[in-house]
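Participant: In numbering that gives the first Met the number 0, the protein residues as written are 0 to 260.
Rather than coming from a laboratory, the hints here were simulated on the basis of the structure. Fair warning: there could be bad hints in the mix.
[Stated by the list, open to error] Simulated crosslink set (SDA-like; lysine to any residue; CA at most 25 angstroms straight-line):
| id | residue 1 | residue 2 |
| --- | --- | --- |
| 1 | K108 | S48 |
| 2 | K108 | G251 |
| 3 | K223 | F134 |
| 4 | K223 | A22 |
| 5 | K184 | T155 |
| 6 | K223 | G251 |
| 7 | K184 | W211 |
| 8 | K108 | W211 |
| 9 | K108 | L30 |
[As the list claims (entries may be wrong)] Ranges between beta-carbon positions, derived for each pair:
| id | residue 1 | residue 2 | range |
| --- | --- | --- | --- |
| 10 | I256 | T19 | 55 to 65 angstroms |
| 11 | P127 | G96 | 34 to 44 angstroms |
| 12 | T19 | L173 | 13 to 23 angstroms |
Keep in mind it's a predicted model, so treat the numbers as computed, not measured. We put the CB at the ideal spot given by N, CA and C, even for glycine.
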Amino acid sequence: MITATLLTALLTMQGTNLDTDAATLRTGAWLPRLGGTVTDGGGAIDFESNIDLRSREDVVLVEFELRPIEHLTVSLTAFDFSTSGNGSFVGNKTFGGVAFNNGDLWSGKTTMQSVSAEAAWDYWRPYPRGGNTMFTLSPVVGAQWYGTGVDLQNDTSALSVNRDNSWLALYGGLRFDLGWDTRGKISWIDSFSMGATLTAGALLGNDGGSLWAVQAGVSLEFTKGFSGYFGYRLREMNGEDGTYTFDAGLQGIYAGIQFRF
């Protein structure tokens, strides 16, 4: 029933992604790598040099945008990232009271989950949405939840440490959107659009911290509300809780599809 309703809506869809009332559901594969450091009572352990948790993971990233009134875009985003690895420790560090010496065997896992909601207002709009050309510049405000987990074990000494933490965040930034209605010019594309957002803010809870993010992408609307999407996402955070600091982030390309309703 849901599939039939969706197909009917798409087949009767008019307009393009540039419309003022367009709502989009985007999903696809985000291919991020983890980078940064984690500290718990000793020197910072680097995810790239002390241990190696740099493998590129395939993460399902879901993004939804709605324009309930003219000039306002509301967005929801969620992802769940996990990576694991093992090897020989490089250097001499202490994490959560467990010593890791050069050459010790280690195994570990790191997770990051996030849910965010934000609003953007088309403040500067030399080419407003709804025409054949669209160009807008928008201030952005949002709220985000981050959950992180670090499991690190010294397999040589059989000692392990687990840290699970979460933070709320408030952030602001700037967004631009640019697009063209290509119907009548390119036979196989209804519209071409691109956009980017840069945000930064503060983490709340525990001992706080900071975060920032960059996202950019292009969308090709092939027909009646169906588009291909290719872009880039970066998510960085520095969260603190007593002697514990998670100063790390994810970045990678994102490819998927989106449906306009």
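Participant: Holds or violated: 34 to 44 angstroms for the Cβ distance of P127 and G96?
Facilitator: Roughly 59 angstroms apart at Cβ, these two residues miss the hinted range, so it is violated.
Participant: Tell me if the straight-line CA distance from K184 to W211 falls inside 25 angstroms.
Facilitator: Measuring from Cα to Cα gives roughly 39 angstroms; hence the hint is violated.
Participant: Would the pair K223 and F134 pass a check requiring their Cα atoms to be no farther apart than 25 angstroms?
Facilitator: It holds: about 21 angstroms lies between the C-alpha atoms, which stays within 25 angstroms.
Participant: Is K223 close enough to A22, meaning Cα to Cα at most 25 angstroms?
Facilitator: holds (13 angstroms)
Participant: Between I256 and T19, does the C-beta distance stay in 55 to 65 angstroms?
Facilitator: Hint violated: Cβ distance 23 angstroms, outside 55 to 65 angstroms.
Participant: Given the hinted pair K223 and G251, is their alpha-carbon gap at most 25 angstroms?
Facilitator: violated (29 angstroms)
Participant: Hinted pair, alpha-carbon criterion (25 angstroms max): K108, S48. Please report holds or violated.
Facilitator: Since the Cα atoms of K108 and S48 sit roughly 15 angstroms apart, the hinted pair holds (cutoff 25 angstroms).
Participant: Confirm or reject the claim that T19 and L173 have a C-beta distance inside 13 to 23 angstroms.
Facilitator: holds (20 angstroms)
Participant: Would you check the hint for K184 and T155, treating anything up to 25 angstroms between C-alpha atoms as holding?
Facilitator: violated (65 angstroms)
Participant: CA of K108 to CA of G251, is that 25 angstroms or under?
Facilitator: Roughly 19 angstroms separates the two Cα atoms, so the pair holds.
Participant: Sort out whether L30 lies within 25 angstroms of K108, counting only the CA atoms.
Facilitator: Holds - the C-alpha atoms of L30 and K108 are around 17 angstroms apart, at most 25 angstroms.
Participant: For K108 and W211, compute the direct alpha-carbon distance and say whether it is at most 25 angstroms.
Facilitator: holds (23 angstroms)
Consistency note: the structure conflicts with the earlier hints numbered 5, 6, 7, 10 and 11.
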